[in-house]
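*Asks:* The residues making up each chain are set out below.
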Amino acid sequence: MDFDESSSNKIVTREFIAVVLAGFGNELLPLTGSHGDDPCLKALLPIGNKPMIEYPLSWLEQSGVTDVLLICPTSHRSAMSNYIQSDVSSLFPSLRIDLQTFEQSQDLAAGTCTLLRHFSSRIQSDFIVLPCDFVPPPALTLIQLLNKFRTESTYDGSIATTCFYEVNRPDKGAATEEWGMLPSNVPIVFDERSGTLLYVDTPEDVDKNSEEFEFRMSLLTQYPRTKLSASFRDSHVYVCKRTVLDVLNEKMYMDSLKEEFMPWLCKPQYQRTRREKYGNILSPVSNNVSQGPALRHSTLHLPTQQKRLRHSFVAADADDDHLRSVVPSPVDDDDEDAVEPSLRVGLVVHRSTSGFASRANNLHSYLELNRFFLGQTSYSLPSDPENRSLIDQKAQISADSMIGRSTRVEERASIKRSVIGKHCVIGKMAKIVGCVILDHCVIADGARLDGCILGVYTKVGAKADLSRCITQPGYEVSPGESAKNEKLEVSDWAAHETSEDQDSEDETEESTEEESDN
Amino acid sequence: MAPAPLLEVHPPNGPSNGEAPADQQKSQKQMTKQERRELQERQRAAKAAKTATGANGKPQGGKPANQPAAGGGAPSRKTADAASKLPSTGPAKTIEKAKAGQSSAADQLAKNQARGLLIFSHFGLPKPVSSAKGDIHPVIARTALQFSSFKITGANARCIATLTAFKTVIQDYVTPPNNTLSRHLMTYLSPQISHLVAARPMSVTMGNAIRQVKLDISGSDIDLPEQDAKDALCRKIDTYIRERIIIADQVIQETAGNKIKDDDVILTYARSSVVEKVLLEAHASGRKFSVIVVDSRPMLEGKRLLAMLSEAGIACTYVLLPALGSVIGEVSTVLVGAHSIHTNGAVYSRAGTALVAMMAKRHSVPVVVCCETYKFSETIQLDSFTKNELAPLGDLFSSFPNNKPRESLTLENKPNLEILNPLYDLTPPTCITAVVTEVGVIPPNSISSIPVALGRLL
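Keeping their order, the protein sequence lines are chains G and R. The C-terminal position of the first sequence is numbered 518 in the UniProt record's numbering, with every residue numbered one higher than the one before it. The C-terminal position of the second sequence is numbered 458 in the UniProt record's numbering, with every residue numbered one higher than the one before it.
No lab work stands behind these hints, which were simulated from the structure alone. Don't take every hint at face value.
[To be verified] Computed far set for chain R versus chain G, every beta-carbon distance over 10 Å:
#, residue
1, LEU39
2, ALA45
3, SER149
4, ALA157
5, MET202
6, ASP231
7, ARG235
8, MET299
9, LYS414
10, THR433
[Stated by the list, open to error] Looking from chain G toward chain R, a few residues come up when the C-beta cut is under 7 Å (computed):
#, residue
11, GLU15
12, THR74
13, LEU300
14, LEU302
C-beta: ideal position from N, C-alpha, C; glycine also.
Go ahead and model the full structure; you've got the sequences and the hints to work with.
*Replies:* In structure tokens form, the structure reads like this:
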């Protein structure tokens, strides 16, 4: 029984619920492949030795949102709930995470729209959709997005706020085609002044007409000065009103939030037919008190453009409409009180000059993000004696590397510009340059690794030479093997040794290693 | 200009003057005014010298407003920030610091140190609304954001917004056990109110409305079940809005509308929701008149009024405030709105109204203020320096022309440039011909008698 003010906690209605989507991460295969029977969660892949999902969660905690609905596939449930119980409750005490699973298989992953539709009963307030792989820059706070949403949804009936970030063009040669397609930017049309997202190019539009963009005239009539830009990427952070879910439930055929639903959602703000069809679902005239009368009295407020344009076009009952819209009637009827909603989709643009932001949903960005965090910190020998004893005196570890706990580095190993996870063993004379090595890996003596990403529990044999390879968790590289630009996956049908022996015989040995120094 | 009264305050460098404080106190009474002035100057110079050699980063700024007549002294002060945000310690030290840095500190500050605001620094600039401390209801948080981003402006609008938000808060309220609604609800509302005030300083209308709400809460019956009590409160709030704003506005529309004859030229300043209604109603009832809208930056509210009036078909002219002199000759009546009216009859309104009123008086044009009775404030205000508000900088109000990039239109503080936008000013009662309220047309000096005559507390 609370006698103190803390009981008033129950009085406050929760304003936002965050929905964090943790999927399979098929773009990150084979890193997210399964290790034996255990799945490797994309959300727990480390960036800078911190699990990926920690970044959006800390972002949420800073902004004061407490309720989190975390959706993951059923097969990942135990690993995720272990993580939540152990780490999250200590790191983010104010977050209340509700873990929900959705039955889906890796090959046939459910689309984000399907997930939201399925869990729409658990979402009863305005919600924020976050991917588990977005790493926000320190300059961009979730509070900025939330404040923009709060102001605009009350002021002119905006329905959602999105966030797009600018990406620098990657250096040539830093990324390899063999790792998969480079992520591409999405052309968008937006109004910079008011921060409104007007049009997002979808793959469907590209299929229909790959050489031209098609815009409605009504878009240009409403926003005569817009910008078209192809230097932004979608951060997949959407702050939406609850009514957006109602519309989503109607659109059963849509599967992807980013590619289908959000571009669709941008349309009602300027397309008259769609507005008429969905206007009252998106912005219902409800019993909730709105700030209509206050806005009508506000000295800096004008009724929306559309209302005024519409009234000037409709000739027949022009006088009536004029008077009704402009002169407040003596009796407060509900129509007058409601401000005509603009159904805008807001946009917060993050420029690359203000900080580095990225989504880690494919291999290139994953590597880039790790490298970015390496640039932020500088390595120093671990302070506690136990860990320090594991690292040999004669090991050469450059200042821009990161080494996890309990990792053993033996003498004369050379580590440059790399992130090494926990509980690893780096053998003597190993040369590791620009790699990301996850937990529990064993790298035998004399191995050379260059620009690789090794999954957990990978074993690299002695004097093996890997360049720009990605290994599935649990993969074993046999001694002396050499591989370049490959995705090494554990094959589960043949015996390990025989298949790899054959591989190494087939491949030509690279006599001169490419130790690409920075 | 009489110097501000000297308080019997021990100057901070008392000992350095070589006099024991006790003696000094006694001697101050015996010294002539002249000598006291000299003493003060000496103390100031000494203090300035002391602080000039003191730490540079000390936020010494924010100290008091310079009196306008003394502005010629060009005081400079050390402020680390360009826009000093510290509230003043009070008008007592006003003159003291004003002449402080003249001698020694002046040359030190000649280097590009940003100067603090010379006047109005005691209100500071509004701070950005931080994330809610404690449990702030989301509706209150949103309303506060509307205030601080100047989306809802105007005395009536803010009051209605506050009351509407309170209705939602009250409906969502749950009385904790061992408490009664009438006692606990007020403590629950206090942090919400302070959150709103942190966004923008409270207006007189909001203050009066909140006082009424608190009165209603404390008067609510203990025996009522909770939902009934809450509903009763919401009904009372609705009644307040309806009676004292909406219906009051309608009565004012009629009364002031009768003052508008055919072929009149009405002049109005910025945008008042009441005046807008009066003009639209008068036009709707068939009178033919034209309107001159006078406007000023940075808010440019007159533009919106212009849009509304010209849509309704009224012939309008739009001028900026400096052009007032050229149009005042043809004006028959000046109609302005008010933020609040004080007991001495002074009208506190958008900055620039005082100019319009004084100009009109010069040219013998009647000035009619349209104001509801709930805007009456029991305080006396003699000038617009003690209580005012500064508009925040940035691109809040940037508007036309559209072809220039946004950056060139926004005003920003630069090393040698301080931007100052007071939002309100005070029109003395001598310039006002009449005040139209819902209880009648009254001369401004009789305002204070209205509440008594109506038997109301406000």
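*Asks:* Each hint needs a verdict: does it hold in this structure or not?
*Replies:* Okay, the hints, checked on the actual structure:
At the 10 Å boundary, the C-beta of LEU39 of chain R stays outside the reach of chain G, the nearest C-beta of that chain being 49 Å off. Every beta carbon of chain G lies more than 10 Å from that of ALA45 of chain R, the smallest distance being close to 45 Å; the non-interface claim holds. Non-interface call for SER149 of chain R relative to chain G: violated, since the shortest CB-CB distance, roughly 6 Å, does not exceed 10 Å. For ALA157 of chain R, the shortest C-beta to C-beta distance to chain G comes to about 4 Å, within the 10 Å cut-off, and the non-interface label is violated.
With 10 Å as the threshold on Cβ separation, the claim that MET202 of chain R sits away from chain G holds: the shortest Cβ distance comes to roughly 15 Å. Annotated as non-interface, ASP231 of chain R keeps its C-beta farther than 10 Å from every C-beta of chain G; the closest such distance is 13 Å. For ARG235 of chain R, the non-interface assignment is confirmed: its Cβ lies about 13 Å from the closest Cβ of chain G, beyond the 10 Å cut-off. With a least beta-carbon separation of about 7 Å from chain G, MET299 of chain R fails to lie farther than 10 Å from that chain, contradicting its non-interface assignment.
Separation of LYS414 of chain R from chain G is adequate, the least Cβ-Cβ distance of about 21 Å exceeding the 10 Å criterion. THR433 of chain R, annotated as away from the interface, keeps every beta carbon of chain G farther than 10 Å; the closest lies near 24 Å. Satisfaction of the interface hint for GLU15 of chain G is found here, the shortest Cβ-Cβ separation to chain R being roughly 4 Å, below the 7 Å cut-off. Evaluation of the THR74 of chain G hint against chain R yields a violated restraint, the C-beta minimum of about 34 Å exceeding 7 Å.
Taken as an interface hint, LEU300 of chain G checks out: its beta carbon lies about 5 Å from the nearest beta carbon of chain R, inside 7 Å. At about 5 Å, the closest approach between the beta carbon of LEU302 of chain G and any beta carbon in chain R falls short of 7 Å, and the interface hint on this residue holds.
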